[in-house]
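Residue numbers (our numbering), protein chains in the order written: chain A, 505 to 592; chain B, 323 to 486; chain C, 423 to 564; chain D, -13 to 124; chain E, 1145 to 1933; chain F, 555 to 1067; chain G, 1235 to 1352.
Derived from the structure by calculation, the hints contain no laboratory data.
Do not rely on the hints blindly, as some may be mistaken.
Once the Cα atoms are required to be at most 25 Å apart in a straight line, the calculated DSS-like pairs of lysine-lysine come out as [to be verified]:
(1) LYS1331/G <-> LYS405/B
(2) LYS(-3)/D <-> LYS381/B
(3) LYS(-3)/D <-> LYS324/B
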Amino acid sequence: MNSMLLEYSLIFMVIAIIPCLYRIIKGPTIPDRVVALDAMTTVIVVMLGIYSFVKGSVFFMDVALVLAIISFVGAVTISKYLDEGVIL
Amino acid sequence: MKRYIAYSAILGVVWCFVHGTVSINNFVLGVIIAPFIIRPFKSLFRFDTEFSFGNAIKKIPAQVKYMYVLFKEIIKANIVVAKIVLQPKINIKPGIVAIPIRTKTDLGITAIANTITLTPGTLTIDISEDRSVLYVHAIDATDPEGLARSIRDDLEKYVLEAFE
Amino acid sequence: MNNTLLSLTIAILFGIGTFLILRRDIVRVIIGLGILSHAVNLLIVSTGVFAGTKVPIIVDDGGHGAVEATGSIFTDTLSLNILAPVLAAGHHTDYVDPLVQALVLTAIVISLATTAFILILAYRIYEEYGTTDLKELRRLWG
Amino acid sequence: MTTLITKTITKICLPLVILFSISLLLAGHNNPGGGFIGGVMFASVIALTYVVYGLDYIKSFFDPDWGNWFGFGLLLASVTAFAAIAFSHNFFRSAVEFIHLPFFGEVELVSAGLFDIGVYFVVIGGLLFIFKNVGDDR
Amino acid sequence: MDSFTAITLAVFLPFILAGILPAIEKLLKEKIGWYASAVAFMSLLLVAQAAPEIIHGGTIQKSIEWLPSMGINLSFYADGLSIMFGFIVSGIGVIIMSYSNGYMSKKEDLPRYYQQLLFFMGSMLGMVFSANTIQLFIFWELTSITSFMLIGYWRNRPMSVYGATKSLLITAAGGLFMLAGFLVLHAITGTFDIPTILQNESIRDILHSHELFILTLVLIFIGAASKSAQGPFYIWLPNAMEAPTPVSAFLHSATMVKAGIYLIARIHPIFSGTDAWFFLVSGVGIFTMLLAGFLAFRQTDIKGILAYSTISQLAYIMTMYGYTTHHEPGIGVAAATFHLLNHATFKACLFLVAGIVAHETATRDITKMGGLRKEMPITFIVATIGALSMAGIPPLNGFLSKEMFYEASVEMGSLLGSPYNILIPALAVLGGVFTFAYSIKLIDGIFLGKRPSKGLPEHIHDPSMVMLAPAIFLVGLIVLFGLVPSIPVHNFIEPTVSGILLQEAHLHIKLWHGFTAPLFMTIVTFILGILTYTQYSRIAEWQNKFNARFPWISVNYYYDAAVDNAKNVTSKFSNRMQPGPIKTYMLALLLLTITMFAIPAILLASSLLPSDLNFDIPLYEIIIYLFMIIAALGAAMLPRYVPAIISISGLGYLVALLFIYLQAPDLALTQVLVETLSTIIFLLAIVKIPQKFKEHITKATLTKDLLISATVASIVFILLINATQGIVPPFESLSHYFIENSLPLAGGHNIVNVIIVDFRGYDTLGEIAVLCLAALGVYNLIQSRSDDE
Amino acid sequence: MIALAVHLPILLVATPILTAALMLFLRKQPAIQKLLSISVFFILAIVSVLMLLQVWSSGIQAYEVGEWGKYGIILVADLLSSGMVVLTSIVSFLALVYSLDYIEEKSLSASYYPLFSLLVAGLNGSFLTGDIFNLFVFFEILLLSSCGLVIANEKGGVTKSSDKMEATFKYLVLNMLSSIVMLIAVASLYATTGTLNMADISVKLSAMSAAGTLPWHVFGIALMFIVVFGNKAAIFPLHYWLPDVHPTAPSPISAMLSGVLIKVGAYGMLRVFFLIFPDTLYLFKPVIIYLALATIVVGAISAVAQTDVKRLLAYSSVSQIGYVFLGIGFGGVYGIAAALVYLVNHALAKSMLFLTSGGIIHHAGTRDMRKMGGMVDSAPFMSLMFLTGAMSIAGLPPMGGFIAKFQLFDAGISGEYYFEVAIALLFAIFTIFYMFRAMLLMFWGEKRDVNEYGEYSTHGTSSLIALPIIVLALGVVIFGLYAEPLITFANATANQILDPQPYIDAVMTRVVR
Amino acid sequence: MVLEILSNVVLVIGLFFVFLAMLGLARLPDVYNRLHTTTKIGTLGAFGVMFSILLKVGFSPIGVKALTVAIFILVTAPVAAHMIGRAAHRHGVGLCKESVIDEYGRACSAACPEKEDE
Ligand code: NA
Ligand code: NA
């Protein structure tokens, strides 16, 4: 039962990536794409959590944690670039 | 010194969390490593200011309360925004509103800004140079004054208690 | 065990990357190289030679301290018979192939280093040439 | 310049992420992680700090020579590998020791771990060296 | 000292003693020329030491181990031919180096001059005594190089450089053909050793019946012809006259140009007796003889006349060596050999005279000279005797060999039958006519007639004995050989001829041998020669017109066109080949890759795709594949950088997700981190780049690029799907070992990490080195600009 | 000392890496850096010779890194690899000595030493590794170290940094592409055989071949390695980067690149095709012969067109590497031995010419030969050295280049490759032409127009610059006058290449811990 | 059992919210409004899923790490949203046409660069 739920939730999450991709490709503005990328990482973090649970393995949760941290770095950096045109 | 101890303790806990096992061993290890990490960046962490454990402990109840309010508001926020998203035709009147704030400390300002972002229909866009005004994007910006008032009364109060 | 759709995807990524590296814009070319390196990393992983289902991390601690080879099959029979198979046929393991993962790790790191270098190079080229059009990068010719 | 809000959160994240990177480094032999991953984690959070606070500000109180860092990493990695020769083994022959520490109990010491620390330093040093050099260049 | 040692020393002493010249230069000061003469004299003595053995019918042959694994030794071989050349080279060497003492100004770079002369002499001696083809080639090319250096002795004069280049290109390149010929010869006969071939009739029979016989002959002949300025290769020799006159005398008349003749004589026993030999050697010889004779007649520069005359005289010799039939393989050998010796004497003599005249008059143009007989009587006599010998006037030695040439021509013609019985003698006479004419012209132009009113220095006189003595000595030889031919014939010609013909030879050469065809031909030659000389202006007029009309008739025209245009033509080629923009280069790489994969795919594959394809994949994974393609397409299509970068970053995260599905958390971790970091570096890099540039892709480019991309994609797909069919049983992956032993032997649970830091830690050491390199490289990149400013 | 004897292969790779690390720490102490680097590289040269002697006397040496047998990475020193290592060590020692006075001081201590050390590590590592993926890693080291060195600043700075950037970019992109091709090939090979150890792959492929189960795509993989190594060696049509990179690099680096680095490609072909894919040789040989001929032709014709002395030398390298590959294509002991002799002689002569060109450029202040002339009077040493090198490249006796060309042509003719030899011969004439034209343009003729281009530098040649050139020149002459040891060695090496069994035995007969 | 059901409910809600967030991302008119959904709902969704996992596995390594992830997202998501929104505005991305007020635009109009063409 659990595993089925989680299998479906994986598919559900994959579908949730579609709007993100749509915004990444379509925009229309760069901030839109940044938001979408950030949102996509959120979805992937969720997927990793679920997957980690399904597989009963903590290893994927490490990836989720790193992704959560690193996506913040990415978003901040791109934002600064958009704002100031330089990042350092 | 006190700050070192405090930060080390926090980092000890964090170590347990990132390690995935909460145990005394891990905590001690984290505490041992912590000073080496903080030391080079001490000018970031305002080591010049006073720090007392008493004050910190005194604030804990307020912080818990703040958490509670925050969660409540987050749930509300989600329902509000979810409704908007699920509308067949999206009908909103958004805008950016300037909200004056009383909070002065870095942590406090950050907390209030983040709280605003996480709560119903509002999103912190920027803070003014003099740190007295937050620019907040609201999904429903038809009543700027009301918005400012609700933030001051419903949120900032708790933040001030918890972080000032 | 091949994975046809994955192979197809990798191939398409290769196609897209190839198209990009043939462009005139330096940044476009670098993006193309990025896609190619993604593709090649996936390719390496997909050549993992046996289909397991488990992450190649040993979870159950087989009693540490036992610094002793468990698999007697590995005492090298090669000196006796150089063509002897490494494993008795049919022996399978639950883990996915760890070697390809290690190879890809190396490849990723190397491509990060190379990409960093080529990006800064592009930055310098723009400073020197005032353009990112590769058609203008033709002082060295003939 | 970035905002106070970002700076504050960055400041909070900085030690946590460094801690996490050390954790990834040490966990590497038995869990996902290792020198490279840990090193990149470290480098990204320092990079984040550079980005958020501005390179010049950070340099005013924290300005290590990243060149030395990757030099040290490479030195450590190669010395570790060379060490085996001193014990009349082949280059890079690894060793595993289990030692008993008073408080932590049995701890596994692996020569490869030392090598991984070398990797860690190379990654941090190399990436941040690039960052700082390019950042200084304007 | 045994003969072999003597020869070896004769060859190497000049090299050694010239090699130490720079060191002892200070010691010798102005005596350096006499030192060089002494060295040459030593070589002469050493050759003389070996001579008796040869004259008594023996040969000298011995080897020193050199390149045993190639079957090549340092081996010297001496027979009559070698010894004669040895005498010519070292003897004239002594003469020239002594003469140079007077000729070369003390301000010149004498050490270099004498060093190169001695190197040349050593090379020449080495060449004639070489017993194997490769060694012969080495010394052969050394003479080309020393000749190049000596022609270009005045390195800053454009004409010297031109002449030097020309001679090097033609002779060294010709040498390469000769090398190829020797190699084919080696392939056929299995040996590099000349005596072995000479002494084995069976080997020669194999060679004669081999299908590559003609190729071998042609290749070797090209070498000989280029060196001896025969056929179209003659063009370098006139320009070689830019060298100091003693050099011209030594190299470009008496010795080096005879290397080709030597080679022809040396291979005569191997290749002669065939039609190919006759038509090639004599054909080219006769053609050259006539052409060069005519051109010599038309020159106004003394050295020009002598140069063309040398070409023509060498052609005589070449022609005579070519005279051969199946039954009589060596009709002209004796004549050729004798003429060779005679030519060395009279031509060296004339060159020395030319040097004296040029030295005294400060010009080499004979139209500006005349009437010098009174001011330089001794020189006049010397020159006249030399020229008359060349013209074939009795009782000088030139007459004797000329007679023999006519005799051999008649004999050859009659052996071949009609129409050769008329044609060959007629052409021979025509050659003689030109020779006669230009010989007269030389004397007439310089010494006879009236002294021009201006252009010549006031005081002209015979030079010092240092310069005159060598010429007088040579004149002595000319007269001696003419009056008492038995001296050279017994000592040099007979041993040489027997060496070439591989049988005992006895010659009887006398001044008077009755009213024969040759005598008749000689008389005709004189009459026609005088006639031609009187018609000089008419012929000159005709030739000038002809040249103006048909510039392309001259070989020089092609040489100059080739060399002058080389840069332009090749520039066009290389500009097209290497257009600059990198796309061409990438296309080349991709196309080559495609081709390389296509070859076995077309030749070997029964079906490109295996039969069992696997589509059994979870849906969520398939969708990720799709997303990856979309993200990649986004990166490809989005026109501006940042959106494209964000798109590729998205692709990176999707790849990481896929790594998760492929059970690779380490990879996913790394991928995620690397992706973010490279995004940051991307942003760092494009900071200064405006996003203005947009490529306009034409339809043709688009089609082409899409086609290539699709092909690349297809080959990757085909390769991958074939390769991932699994390891062919019974083999298994190394990974089993890692899985089994990661924990017990390396003490690590994370197998991937254990592979990275332990099993294959060496890879990782390399990998971190790459990271360091990237950092250092970036440092250099940034640094390189700071220093510009 | 005896204990260290078994470690010689790894010392040759790991010591430079360690040195690189130390150099990074010593950036503030240039004097120590100088001393240390010279001594390390001198010792490396000696060690490499010792290893060669060891291999010569006691056979192929296999060194298990980490003692993991074929499951880890094995370094293999056979005659080919140890010979290449000796070549590398000697040329790199000389190039380093030369660099001390040629590279700008700041660059030298900040980045040059580590980059250079790692370049040498990359070269030695590539030659010695017995693992195909490890070869990829070392190729990347080679790539990035050479990129970093190409853009290093030289004293005087005749080369514009924009040119360096452009050249480096082309070099990098093309090499990244070929790295990708290599990864595809290596991964596919692993998927097919389950191993990365070259000897192991060889065993498995030949077993498959014997059993008739050798899949066709293995041939495709094999031929793809032509692209990989061809790109390193710059054979047509993968040569495009070379004429841009070699001239723009600082001269000692040009010497390393032309002298040793492009030889990695030739080494790779010999190693991979004759060890791993002997079954594919019948396809490989014709392909490589025609590519080699095209390389010879394109390189030689383009060289004639050049006015930049270093660019001319670079095109000449293209053409000359074509000759090496021609020998490889001829195959057989004789052909391969010829290729090896050619390779060594070209390495010495071309390194020397590039080093000399550095001196010439300093003297003339330009790379454009049209702006030189008559320099024989002001720079007699450079003139003599250039002539020596030019003669060797042109294949004229008594230089080493002659022996090489002679042996190559002989191998071709005895293999009945008449057409191929004819082309090679024709373009050997081109070689004579362009090498001597360069010499004449620079050193002979009238002195250049002083008003327009200025006087030649009066700065004399320092001994640090002259010494390496002289040593290489001696090598060039000695291998011309007495080539027997080289030829014997080349023959032995060729025999070893053609019979992979001892190599396989040395690698596979190991006890795994 | 209760915990089981609870965790499943939380999971479903979390997933639903994440999905909603993504839907909002696609549907809402401008970047600022889209930020609302992704930060608020997305964050809560992710938090929910992580929390559900914590409920399912307890304080095992998976659970602890899930909690860490959840907290981390909660702390950083608003900052990221703030940075993006600020950058968008200063980059010159205008508010959608439905917007009624822009007090920030007045305050920082000088700081806003010209918006480039997309
Ligand atoms: Na990113
Ligand atoms: Na987020």
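Hints and how they fare:
{"no.": "1", "hint": "LYS1331/G <-> LYS405/B", "verdict": "21 Å, holds"}
{"no.": "2", "hint": "LYS(-3)/D <-> LYS381/B", "verdict": "21 Å, holds"}
{"no.": "3", "hint": "LYS(-3)/D <-> LYS324/B", "verdict": "18 Å, holds"}
In this structure, none of the earlier numbered hints is contradicted; all agree with it.
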